[in-house]
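Fit chain U to the supplied structure of chain R, relying on the hints for placement.
As you go down the protein sequences, you meet chains R and U in turn. Using the numbering used here, the first residue of the first sequence is number 533, and each one after it goes up by one. Using the numbering used here, the first residue of the second sequence is number 533, and each one after it goes up by one.
Note that the list lumps identical chains together, so a pair holds whenever it fits in one copy or between two copies.
Cut-off 25 angstroms, straight-line C-alpha distance, at most; resulting in silico cross-link-like pairs (SDA-like, lysine to any residue):
| # | residue 1 | residue 2 |
| --- | --- | --- |
| 1 | 818 | 808 |
| 2 | 814 | 834 |
| 3 | 818 | 608 |
| 4 | 814 | 616 |
| 5 | 814 | 605 |
| 6 | 660 | 625 |
| 7 | 814 | 776 |
| 8 | 814 | 604 |
| 9 | 818 | 609 |
Simulated from the structure, these hints should not be mistaken for laboratory data.
There are 2 protein chains.
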Amino acid sequence: MTGALVLRNVRPWGADATDVLMADGAIVGIAPGLDAGEAPQLDGGGALLVPSLVDAHMHLDKTLWGQPWQAHRAGPSREARIAADLEMRLLMQDSIAERAGALVCQAISMGTGHIRSHVDVEPELGLKHVDALLAVREAFADRIDIQLIAFPQFGLITNPGTAAVMAGALDAGVEVVGGIDPSSIDGDRAGQLDTVFGLADKKAAMIDIHLHEMGDEGALSMEMICERTRALGMAGRVAISHAFCLGSVDAARRGRLINALAEAGVAIITYAPGASPVPPVKDLHKAGVIVAVGSDGVRDTWTPYGNADMLARAMMLAYRSGFRRDVDIELALRVVAEGGAQVLGLAAHELKAGSPADLMAVPAETVAEAVCCHPAERLVLKGGRVIFDSLLSNPPVPSLSLNE
Amino acid sequence: MTGALVLRNVRPWGADATDVLMADGAIVGIAPGLDAGEAPQLDGGGALLVPSLVDAHMHLDKTLWGQPWQAHRAGPSREARIAADLEMRLLMQDSIAERAGALVCQAISMGTGHIRSHVDVEPELGLKHVDALLAVREAFADRIDIQLIAFPQFGLITNPGTAAVMAGALDAGVEVVGGIDPSSIDGDRAGQLDTVFGLADKKAAMIDIHLHEMGDEGALSMEMICERTRALGMAGRVAISHAFCLGSVDAARRGRLINALAEAGVAIITYAPGASPVPPVKDLHKAGVIVAVGSDGVRDTWTPYGNADMLARAMMLAYRSGFRRDVDIELALRVVAEGGAQVLGLAAHELKAGSPADLMAVPAETVAEAVCCHPAERLVLKGGRVIFDSLLSNPPVPSLSLNE
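Next up, chain R with everything else stripped away, as it sits in the complex:
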């Protein structure tokens, strides 16, 4: 065993205190009073232990994290935000690694172990954003896993040449094919979706499509995504992000959509929006649809909110869903950790022997308390190694910086 460590006196998902033995980057065993031989020991002080959290929807290339405050400059519509994005990107593309790196540090310090990030691609940009985020991924590889999505923010059919750049992104190491509002952005549902699914099929990639479309418009797009997923046998490899339409159609239509998602094996990723409809997490979960959660934009050209804390995001999801009972609030965190792991295709991401020793401990009695209070103090382990600690150290270790 190399790099062995035993973390004593922690409470997995709020259960009774136990010990976790780690070695070779993985969990070796979990039991009270474990004989850990010569392994170094750490007393967790009864903190609540969960697997490291999964942020299943970020836009690392757009963040302004670590920069001076910048007033939001876009108009009130989504189209205005896309236009502002286009205007900003030339000013911002030289600092992608710096800005994204600062946000990745913040995410690590909050206990996020896995990020799935969209990255803008289109002909004029080429792979500039992709290359920057591939470098960030490399720089932080020992502390966090980053999965990337080639994202046609500025349209796919309406922006010719984008599909070729997306293919290039996949060849360069991007794992997921993105899409966005095939009807309202591209005005060509079949055209965009056939391109997206064709590319994913050819490159054995996953799919993650932004769907802001509301009501019937979104429902039709969702149905077509489910159809293509079934036809290509891509169950478990396709996700729809946002899915506002699930909260803006009537109950009968919503029920049919949920069944279609379950049958096709299409997952839903939400950021718990403030002013758009939140997908019905409990109904989706009950129907067997995998639900994951992401930050979406974190203090960027799209939104001034967010701090990459997925415990706080779980609180927002629970609060927006009207959850009050502990069991429901716990579901909000389960989908963050476990749903996120499923969407990202992680083979094992549980608190048991054999899973990677990617862990987060937080001072709370119950999972519900951890979510509702989301205390700032965290102990974060990656591959069995403490990589951030503001819980046990006093004073806390300094913040992560890009240069360490």
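Structure of chain U alone, referenced to chain R:
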């Protein structure tokens, strides 16, 4: 001048750095490079300065703050939560001062200078909760102002004898007459409202009515509240809390309701709910309706959420309202500080000479950043005296306790 203090290098509402001279509990002057004579000086380090925040809707007697985590035990409806409340109250009434005191300490440490709290009254309880909160108010009088509302949580018309206890509460020092859902709880709009307004008129008290009723039901109640406010000349002394109906009627009806509120001088208090409609803050503000913000329940028998931080609550209001631009996000904090002061009837609560020196400083460049990030570090002054400091002291001063 007694108790003079000069706070240097702070930025009022994010403006350029300046100095604030305080004496005799009030602001004496605000200007850069103030000559403060022999007065002690404090360097604010460029922190953003706002008036102390107003929490315009709490339930101090119901909180479980400072207690071990307690799983939410009520069923999913409002009626179930009222029933659970009835069941809990006998177990909890001996610890009101302890629980409420713990929450008041937390509120002070977050920069709240004024609380308006509902307190349950009904025949069986008598004034037990009122007496406990009057004692809490007295104990914290030098650090926070607490205004109380005699709240008929368990019905007024349907729970005979309640009005008499409410009258007794007013005689004991409670300032505001409460009410709740005159149609859905009491089934007698005119009956409840006539009792509430009659009592307030007789005792020269203010009015604050919980209105959860949705759609038409709530709109009718709101119209009747406006009518009575006009008839009795009570403009500026009546508030409606929650007002979910404003977000659940069509645009034309909403416009008429907003005009009625503005004409009658009836204020709206919101807690930025997660799963119920949020009142349209910008439309209300534009029409001249005073808007204030409160925590509502903080980790209590009704809800597991909240931490009495009105900066975080302003963030929730802005997030739920879809605000992205700095000017809109600043409005969310303006209604917390200024709208709250107006609803509570505070004569002066601004950053200018003559106002009480009730201040809060927080590390942020702009008001929007203070709201979006709501940093935990705060410097809190009441009557020109530093009563909490986790901003300038390092390490922070210990948390407030009941016994100091």
